[in-house]
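Residue numbers (our numbering), protein chains in the order written: chain A, 1 to 190; chain B, 1 to 190.
Treat the hints loosely; a few may be bogus.
One copy or two, it doesn't matter: identical chains are merged, so the pair holds either way.
[Said to hold, decoys possible] Derived EDC-like pairs (lysine to aspartate or glutamate); straight-line CA-CA distance at most 16 Å:
hint, residue 1, residue 2
1, K81, E58
2, K111, E37
3, K21, E110
4, K7, D182
5, K131, E116
6, K81, D182
7, K10, D138
8, K21, E90
9, K131, E93
10, K10, E116
Because the hints were derived from the structure by calculation, they are not lab data.
Number of protein chains: 2
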Amino acid sequence: MKALEEKILKDGVVLPGNILKVGSFLNHQIDADLIMEMGREIARLFHDERVTKILTIETSGIAVALGTAAAMEVPMVFAKKNRTGNLSGEMYETKVHSYTHGTDYTVVVEKRYISEGDNVLLVDDFLANGKALEGLMDIVAQANASVAGAAVAIEKGFQHGGDELRARGVRVEALALIDSMDGGEIVFRD
Amino acid sequence: MKALEEKILKDGVVLPGNILKVGSFLNHQIDADLIMEMGREIARLFHDERVTKILTIETSGIAVALGTAAAMEVPMVFAKKNRTGNLSGEMYETKVHSYTHGTDYTVVVEKRYISEGDNVLLVDDFLANGKALEGLMDIVAQANASVAGAAVAIEKGFQHGGDELRARGVRVEALALIDSMDGGEIVFRD
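Same shape as in the complex, but just chain A (with noise of 0.2 Å):
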């Protein structure tokens, strides 16, 4: 998606580590107009899968998971990564490893917001090694649901998650696909 593309090169920051930051339009701040669109595109993809949920995980994916939500017109549901007294009734569960903190962390999903016969559509901001992907995929698989695909803002793709996913025949999206970042100069996969 060119509006996204060119926002990674106006105003994101490359770290060492292969980090690139985005606080200032996706994660921190974030740029409303932009992730609409961002939503709208996401809903073009998919348009013929017939997808009846979104799934995403907190908290950097939320925005653009409503953006596509209110896109498809269908709801939308974040896997929580703190079980809180608010959450009640029976939960789905999965481990997601992060690899940013090294450590990892449960998720849950209340089972009654994911049913048997929905076409689930994964989104989150960033793809990079597709644990907390993985961690969806494992959630939709709990509830005997199917998983449409998954729609990412920004995948990395040196980092091999997004291709790992497509390989085992995820259909995987990304807005933009950045192949490298050496020497801080980002490179998109046409």
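Position chain B relative to chain A; hints supplied.
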């Protein structure tokens, strides 16, 4: 806002301890249509206030804040509950007390996302004792910016945080203001 009140009566669940569960449409599963409509209503209410930025707090405030930012065509910022490796630069920091969990937590906002001259509208899903909004007001004060007001989806009027803020001169708008939930019966303020 009629549509939100009706949704609360239809799908909200009152639990012991004055807890209102709205996870089926507001803060776990999200009704995107309703959220975007709520954003447009908040934009209408604060239309004359020259708002330059929306500020909320992760996680549950993000959806309503994004709907508002999209309707007002201004950027949205969410205060983060934990420092992560991806946050760099100087930050505003404040402590918020959580009654639900009985603990204090720290939220941070990168300084460059709120500037002197900004007129900031605070947005959140719930207003009960007002501690989260007070934390956001503290961040706005640290930035020498001004508070345009606060807009929340649901105010628990019987917990008085909203009325205390109003008494201090802050404009507080609730799309649904609940005066009582005694015996599980939800009574809205006229």
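Violated hints, by number in ascending order, as checked against the structure: 2, 4, 5, 6, 7, 10
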